[in-house]
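Input sequences plus hints: build the corresponding full structure.
Number of protein chains: 2
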Amino acid sequence: MTVAMEKQRRWPGLIEHYREFLPVSDSTPVVTLLEGNTPLIEITGISEAIPKGVRVYVKYEGLNPTGSFKDRGMTMAISKAAEEGAKAVICASTGNTSASAAAYAARAGMRCYVVVEGGAIAMGKLSQALIHGAKMLSVDGNFDTALRLVREVAQRLPVKLVNSVNPYRLEGQKTAAFEVCDQLGEAPDFLAIPVGNAGNISAYWKGFKEYRGVGRIGKLPVMLGFQAAGAAPLVEGRVIPSPKTIATAIKIGDPASRRLALAARDESGGRIEAVSDEEILDAYQKLARMAGVFCEPASAASVAGVVKLAGKGFFQQGQRIVCVLTGHGLKDPDRAIASAEPPVTIPATIEALTEAIKA
Amino acid sequence: MTVAMEKQRRWPGLIEHYREFLPVSDSTPVVTLLEGNTPLIEITGISEAIPKGVRVYVKYEGLNPTGSFKDRGMTMAISKAAEEGAKAVICASTGNTSASAAAYAARAGMRCYVVVEGGAIAMGKLSQALIHGAKMLSVDGNFDTALRLVREVAQRLPVKLVNSVNPYRLEGQKTAAFEVCDQLGEAPDFLAIPVGNAGNISAYWKGFKEYRGVGRIGKLPVMLGFQAAGAAPLVEGRVIPSPKTIATAIKIGDPASRRLALAARDESGGRIEAVSDEEILDAYQKLARMAGVFCEPASAASVAGVVKLAGKGFFQQGQRIVCVLTGHGLKDPDRAIASAEPPVTIPATIEALTEAIKA
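Just so you know, the sequences run in chain order W and B.
Just so we're aligned: 202 in the numbering used here is position 198 of the first sequence, and the numbers increase by one with no gaps anywhere.
Just so we're aligned: 353 in the numbering used here is position 349 of the second sequence, and the numbers increase by one with no gaps anywhere.
What the hints contain is simulated information worked out from the structure, not anything from laboratory work.
All of these numbers come straight from a predicted model, not from anything done at the bench.
Treat each hint with caution, since some may be false.
Pairs involving identical chains hold if they fit within one copy or between any two copies, as the list cannot separate such chains.
What the hints assert, rightly or not - Okay, derived cross-link-like pairs now, DSSO-like style, lysine-lysine, Cα gap no bigger than 30 Å in a straight line:
| no. | residue 1 | residue 2 |
| --- | --- | --- |
| 1 | K91 | K362 |
| 2 | K290 | K139 |
| 3 | K139 | K362 |
| 4 | K56 | K91 |
| 5 | K290 | K91 |
| 6 | K316 | K213 |
| 7 | K290 | K56 |
| 8 | K139 | K223 |
| 9 | K248 | K139 |
| 10 | K362 | K312 |
Written as structure tokens, this is what we have:
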């Protein structure tokens, strides 16, 4: 089909595009920033452990409007909040949720309250919640403390909770699984994904099952979830009171969607494993330097996990693996600068520049 | 057309999608991050000066892979450099070009040298060039000095120049005009765009004319270019030796594509005008707070200019205006944080949270 023959359709946002799979009606006021429709990029050369003939793709969710996959759930949560007449929303957040909630609430004309753990939020994410006009409240305590507080206050005051315990969030997020299948023409053999609060792995699994249910795909993928070693409650089978990892977006010790995530693992014959901060940072740097793809550290847990399993001979020729990159690297510029060689200052002369290049 | 009836096509990147309009052949190795295909988002409530019945859209170019429109030109420039056997590329950059060049060079396996003016680069952009493995060379002097240096060194050494003086850059960038037309089903009445080095306004105009030439659109838009008041060489008709503006991406005193930009203005019956830093920051904040769209300050010059012209009664009911937002707000988190209310620290108790929300 040539360009001249084809009439390009304008992407209408994920609620319109996947309306028949979502709990919306004609009376739902759709609040959208045209989220979704993110690229599926093939990557090569990340690790020699990955056998030739295994194709690895990244679902680059950092190209959603606020720079993370959270927009998929937030367009649903805010649209449904608007349908119910809400004037204000609240969330606890390690950062990406707050950025997304603030942006969609701004677009809907709602007030937005964000409760953050003191001191641990990445700079890009903080800038987003603030510029979109959210009221940010910093509390002494970790994410789990913040989540308990907002759950309680949402029961007392007329503010709508938009954390992933809001069921509409996972409904929106499941559309990423639809897109992966639409882009590949079939489900992948493996879906690798970072696991923090455990909502996203649950949402993908729900999406794959629904697409299979209506015959849009002929098989289901094996789900591979990866937690940071210092914040791996699902791997260790216990709550981690003080989670520790450089991957702030998955630094969660008591995941809200634990039960659903374990079901996704078991129903798909998959795994939830841990990767170290070193393995995460190695994948983070290789993605940027070899594939040209800049993601936030937590996102790289999916690729780090695939590299680790590949080293154990886990994958076979002909298989296709999709790694979810949950957020853009611009969310955490400090980490990137800390992970790279600093600029070199030279005189503004052609001789100095020539010398620097030949060096 | 329902989802079930429609077979979703995977976006192949802009070179494949618009191949017939681009100087590529079967022997061009396409280096792509699946750039392009960015959302066209309608915005309302930005200014009362804009008459009812005038529809304003933003072309959100910040959702390209490296967060700016530069990726459109870079996929072309790097693909053609690869076709010509280049092993290294170089550019001068206020930031976005370096981020894009570094990412695409990484993907192509080329070395990348970036010459930046000392001290003036926004944090997000710096982080990108570094993490993608570019060699960054900081010189004492402004962008124009840096551009002179790289042009000269590219003639002496086997490094390919990928600044916008590279003709393939504008070829790639013109595809944004194609997308705007495809998304609207026709050319808009006005295309508003920030003007720095003046390549992008030239590229859009070229794109519109080519689409008109093959009958894909029936009319041409009026081109409206906006420079920052402290860096407005095209408005003042002279080189600005020391340009000054908070909009770093358009802080350029001696635009490389001056002649083409003035031709775009004159052929379209348009204007190139100046907007103050205050007007730019006001539009920047309103876009984030009212529309939920976070762009970098320079991008907001297009919206600031439209608001300014609207105040003079420039637009009429039934017209459609597309404002180009060239880069994502995450490119410059410091500016966002400086432009907003800081977080408030409260005790981690339900009472304190309740009080903060009721306040």
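Structure-based check of each hint:
1. K91 / K362: Close across copies (13 Å), not inside one copy (61 Å); limit 30 Å.
2. K290 / K139: between (37 Å within a copy, 16 Å between copies)
3. K139 / K362: between (52 Å within a copy, 12 Å between copies)
4. K56 / K91: between (54 Å within a copy, 25 Å between copies)
5. K290 / K91: between (44 Å within a copy, 19 Å between copies)
6. K316 / K213: Classified as within: same-chain Cα gap 28 Å, cross-chain 56 Å, threshold 30 Å.
7. K290 / K56: within (18 Å within a copy, 50 Å between copies)
8. K139 / K223: neither (45 Å within a copy, 46 Å between copies)
9. K248 / K139: For K248 and K139, the Cα distance is within 30 Å only inside one copy (27 Å; across copies 32 Å).
10. K362 / K312: neither (37 Å within a copy, 49 Å between copies)
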